[in-house]
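Protein chains in written order, with our numbering: chain A, 3 to 294; chain B, -11 to 363; chain C, 128 to 614.
Keep in mind that a hint or two might mislead.
Taking lysine-lysine pairs in the DSS-like style, the calculated list, with each CA pair at most 25 angstroms apart, reads [unchecked claim]: (1) C:604 to B:70; (2) C:572 to C:382; (3) C:575 to C:464; (4) C:604 to C:572; (5) C:221 to C:243; (6) B:22 to C:382; (7) C:227 to C:243; (8) C:533 to C:382; (9) C:205 to C:227; (10) B:84 to B:22; (11) B:84 to C:604; (12) B:223 to C:382.
Non-contacting residues of chain C with respect to chain A, defined by C-beta distances greater than 12 angstroms in every case (computed) [as the list claims (entries may be wrong)]: (13) 239; (14) 311; (15) 359; (16) 408; (17) 586.
Hints listed in this document are in silico derivations from the structure and should not be mistaken for laboratory results. Just so you know, even glycine gets a beta-carbon here, dropped at the ideal spot from N, CA and C.
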Amino acid sequence: MNKSFHRRAWAGFAVLLVLMPGCPSERPDPAVEREREGIEAVRIEGTGAILDPGAGFWNEAPAFSVQLQPQVVVDPRLPEAAVGELEARAVHNGEWIGMRLRWADETRDDVLRTADFGDQVAVQFPIDPHGPLPSAMMGHEGAPVNVVQWRAPFQRDLDEGAPDIFDLYPYALVDIYPDEVLGVIDARAYTGALGVDNPISRPYESPVLDQIAEGWGSLTVKPIQLADGRGVWNDGEWTVVITRPLFPITPNDPDLRPGTATNAAFAVWEGGSGETGARKSWALWVPLRVAE
Amino acid sequence: MPKVYNWQIGREMEFPYEGVRPKRQFAMVMDTNKCIACQTCTVACKTTWTPGRGQEYMFWNNVETKPYGGYPLGWDVRILEKLGVRDMTGPVYEGKTIFEAAPDGEIALGYIPEDEDWAFPNVGEDECTGSMEQGALYTMPHMQWMFYLPRICNHCTYASCLGSCPRQSIYKRPEDGIVLLDQHRCRGYRECVKGCPFKKTHFNPITRVSEKCIGCYPAIENGRQTQCTITCIGKIRLQGFISKPDEAREDNPLDYLIFVSKVAKPLYPQFGLEGNVYYIPPIHVPPRYLTQMFGYGVEEAMETYRRATEDKKLLGALLLFGSTPEIIERYEVQNDTAIGYNKDGGELVRVPIREPIHVRAAYDEQYETHRTNIT
Amino acid sequence: MVNNTLPRCELVVYNDWWWTGSCEYSDIVYGVDSWMEFKQPDMTSSNTNPFLQIYPATPIRRAFNTVPDNETYLGVSKELAKITGDRRFEDLWKFIEERKIDVYLQRIIDHSATLKGYRFHYLEQLAREGIPALLNTRTYPRVNGYEQVHESKPWATRTGRLEFYRPEPEFIEAGENLPVHREPSDSTFHDPCVIVAAPHPALRPRQPGDWGFDPEDRAQHPRQMRNIMLSVDELLQSRHYILDQGYDHIFHTPKFRHGSHTTPIDTDYMMVLFGPFGDMYRRDKRMPGTGELYVDMHPEDARVLEINDGDYIWIDGDPAYLPFRGWNDPEKADAYKVARLMARARYYPGTPRGVTRMWFNGYMATPGSVKGHETREDGIAKNPETNYQAMFRYGGHQSLTRTWLKPTHQTATLVYRRLFTHVLGQGFAADVHCVTGAPREAMAKFEKAEHGGIGGVGLWRPVELGLRPTTESEAMKRYLAGEFVNV
Ligand code: SF4
Ligand code: SF4
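Please take these sequences and the hints and turn them into a complete structure.
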């Protein structure tokens, strides 16, 4: 079978390029200048993963305002973006880089029922900072990207435990489940995606999925998960830290070692507005410098 | 979008993928005139496939009373309303399918049911249209009517769930046309839930991905009909394979019902999915409502069904419903007996066209007993 | 039954394979094997089914520590034998004791007209392979009256003819010696249980005066022996005495497709499909289970009473004796709470005005289920001690319906065909002369209790969506008329 919307996707991309900030046709203004400068990951003390969204060191990193727009390149699209802006700060400790993302969201959407979607945020890095810049839209063939995505429902799982049906529907009445009468092996047939270890069913150990993509529809969870993070919702605002090692450890890890000039792209999903998958708001590549 | 040929609407139409028909196509015919809404099929399916955590609300097979029933609530009213009023005046449907009517930025016209829409799976049970006057007499079509509509996934030739999935997590098996949803690949976007106009994909809130009817593929692979078919109390179902529209075989009972006698009709063909579950329309229901539901040609189908006794091949095919758990690949009518065969030509079942009558001696000399009809 | 009869029983002993309302009220319950768990074979048949159902012994393990039902009889009988010293109590179940149940089954076969000639072991073998056994009836399919129509054999009556006159004294006394119409015992807008016939010299039923009671006494028992005769016109002009007290709806409780007798329909999947109010997730915590019982009312009737589709309503019957005699005794307040019937109302256009219906087979509320409903966090009407699951928040069918014992069902003089033969018999026979029928009818009063929306707020959701009879949205109206297509 031939995918027809590959063609359409690239056509849309071409259109979008023209509208991208920083195109030569635009007169330089201060905001554009700032965007050209991009995000600076400043050096901080410490070792290991950078997880605390409330830590004081974030104030040392300059805040960068990421402008988001609805994804309208490929179907299904998002007609209107619920989130238009994201504040990004980056730090590193010589081992790990941390990005703290903060955006306004009136609703904390971290419980999934049949028609509920979770809040999410993702950062994307080119795997190879020195090669040709991958398509900002999930990379392209030969130019893979690393997509590290934080999921609010995962955060809730880790903070409060994975839900059972009574957490979702408190008055549900269920007489019996197969796993209560059958052995683990026989009951596995009734466990669906959990039984085949679908990576989005439950978090491994972190609320962040470490993934690789090489174009639309190719997003794949990496066999070894290195990214981590933590998010908190407070008073109409999400503050989420996404962190990963600076140096490649496993195949297809992005190279973010100190001194690297690379890029980062962003996507946000506001679950309460039904945003999921391709229905997201996003920002294309923003320069990212990892300080020495 | 590529163009594909959809025989149910008699024309080519847009679909996100090139049209490649599978080698064989799973299909089912249901005779709505015989369904009693006992829900045996529903419970058989439920206990077989969806008793797990997060599956509580799912009924891959459900039976709803028409016109007031619907699982999820009002599913067909809602999508029909979105699609608008369409012409159904000839064998070629000139109106828009859900793909052609897709709003900008969408693959198909659709919606995600609200969570509460999945409650009340048997809403509308037995409810008829309007109330009857004292002393009124029923005439055809009935003035007050209802009927039962059993539903499973239609394992559509042009599945909208499949077309709507941006990750290609849904695939159609080339060997039997069963539409499956990859439990490992799915990311729970619910584009399929939105895109399937029949609302036959379901989001599992515990596993966080979508699930759907699997056409009992382990049974199909072993030559057996689905659970909902073999447990059907009313013997209203026949499950097997449908041939490609230009290769219909008179000796395939499904082909005979669908292509030759044309008594079995697709469900909402105007949606453009070329579903593979076919219905023999209820003969007491106003034809306009049935045309809305089963497309052009409903009245002919009802007429043919009423006169089934005049066509032994048709009667034979109808009598094979519920006669064997095995899949009948070929049949014939010989000496007033319908005979079904499996794919190797082995005989599966013989059904007499007329119920034979036996009369025993009033007093059985050998066993010294009376033979009575009532205890 | 619960409040007026059981308190007068010294001991209630019950055996069942499913925890039913009867178990709730028993002093002793023996848990026995279900059909799926039979470790010894069994068989059954019914008088309309052409098949003999054989249950072969099964290797399926028991869900609980149960015993075959026969062994509960054996056990009790053994004790009775010990107490009385009479060995016959025990001998009655000799082959149960010896685990040779097939001896009894073969005896049944040997004495049954339609089975004689079969060997049980052979049938059991066939059953194991899934091959059914047919009853050897006179004809297949059964044709009733076959001998009379095709062989000019006499009917099994006194004269050998089809008889339209019943000379037996019980029938003459009841005024049913000629074919007459009797109004329903209770479910009528007119004078209940009266004989409707033109005067005829042969019709001379015994009257209240003859029995010595007041002709106006229409209490449950006298009513069935009043034998007042009315013409059709007189009947139509009469009014059920209770109409004027507001009990003006006929209330029927027929059997339903989703359960019969006490089949286990209180399981989650069965309840959720039992009618239109099922929800596995019980988004409304007032629901007794995943589903619940309801009354079908004509929409216009409901409107008059300001009852919306899906509302909870109170349903009351004749206060003289319903839901039980003595219900208004303040000391019985708790019992009354359990017994007073509450259910959902459904707009149902398929019933005539004034006639309402609630399907049979709903598991009634018991003191335990009400306790569960009122004390559990989730509001499920499940007895915290026994796990008995009710399908009502309060009450049950028997809050309204009573058994009517028709005198002409209890005669000892009729001529009839003996069981399993073509031989005539006369007098009493259990199959012919015992009262039949179940409580199925009453006159009822309805009163709105709570709104149908979740938690008692607003309308029941399908009504709000415009998907319900008589409250259809514009889209629904077009849909019903088939107007989404031009034809
Ligand atoms: S009925 Fe729905 S779920 Fe089934 S194949 Fe068709 S579009 Fe997919
Ligand atoms: S088992 Fe058969 S008769 Fe019963 S509801 Fe299902 S399709 Fe209808």
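Review point. Going by Cβ atoms, does residue 239 (chain C) stay more than 12 angstroms from chain A at every point?
Key: 39 angstroms, holds
Check your understanding: Is the hinted pair residue 604 (chain C) and residue 572 (chain C) satisfied, with a Cα-Cα distance of at most 25 angstroms?
Key -> 32 angstroms, violated
**Study point:** Distance restraint between residue 227 (chain C) and residue 243 (chain C), which requires alpha-carbon spacing of 25 angstroms or less
**Key:** 20 angstroms, holds
Exercise for review: Sort out whether residue 464 (chain C) lies within 25 angstroms of residue 575 (chain C), counting only the CA atoms.
Suggested key: Given that 25 angstroms is the threshold and the Cα spacing comes to 16 angstroms, the pair holds.
**Study point:** Verdict on residue 359 (chain C) as a residue remote from chain A, using beta-carbon distances over 12 angstroms
**Key:** 51 angstroms, holds
Practice item. Compare the distance between the alpha carbons of residue 205 (chain C) and residue 227 (chain C) with 25 angstroms, and conclude whether the hinted pair is satisfied. Key: 17 angstroms, holds
Check your understanding: Keeping to a limit of 25 angstroms between CA atoms, is the pair of residue 22 (chain B) and residue 382 (chain C) held or broken?
Key -> Roughly 20 angstroms separates the two Cα atoms, so the pair holds.
Check your understanding: Is it correct that the beta-carbon of residue 311 (chain C) has no partner in chain A closer than or equal to 12 angstroms?
Key -> Given a closest Cβ separation of 38 angstroms, the condition holds.
Point to revise | Restraint check for residue 84 (chain B) with residue 22 (chain B), where alpha carbons must lie at most 25 angstroms apart | key: 32 angstroms, violated
Check your understanding: Does the claim that residue 586 (chain C) lies outside the interface with chain A hold up, using a Cβ gap greater than 12 angstroms?
Key -> 20 angstroms, holds
Practice item. Starting from residue 533 (chain C), check that the Cα of residue 382 (chain C) is at most 25 angstroms away, please. Key: 21 angstroms, holds
Check your understanding: CA of residue 223 (chain B) to CA of residue 382 (chain C), is that 25 angstroms or under?
Key -> 22 angstroms, holds
When the structure is compared with the earlier hints, violations turn up for hints 4, 10 and 16 and for no others.
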